[in-house]
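In terms of full-length UniProt numbering, the sequence shown is residues 1 to 80.
Simulated from the structure, these hints should not be mistaken for lab results.
Relax, there's no trap hidden among the hints.
Quick list of in silico lysine-lysine cross-link-like pairs, DSSO-like style, CA-CA up to 30 Å:
no., residue 1, residue 2
1, Lys30, Lys47
2, Lys30, Lys78
3, Lys16, Lys78
4, Lys16, Lys30
5, Lys78, Lys53
6, Lys53, Lys16
7, Lys47, Lys78
8, Lys47, Lys16
9, Lys53, Lys30
Please read all numbers here as calculations on a predicted model, not as lab measurements.
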Amino acid sequence: MEGIHVLLSELNRGEKARIVDLSRVNDMVKRRLLDLGVMEGMEIQLKERMPFKGPFMLNHGGQCLGIRHQEAVQIEIKRL
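Based on the sequences and whatever the hints tell you, model everything.
Dropping the structure here:
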């Protein structure tokens, strides 16, 4: 499955991926992600998935951030 583009919501705990497309994300959310340094081409790791369509906890450049499920299904990634 390596190299196939999937949605962030399909990533498993502990897996690393590279963000390839943020175009489907709401502009306000995209701006906030950019402010945090999260952009296309950046490597992330899924630390935790909360149950019941809760947030996704990501590790990016030494910082931990949460992404809502509704954004995770709009972010396209490539597994590493």
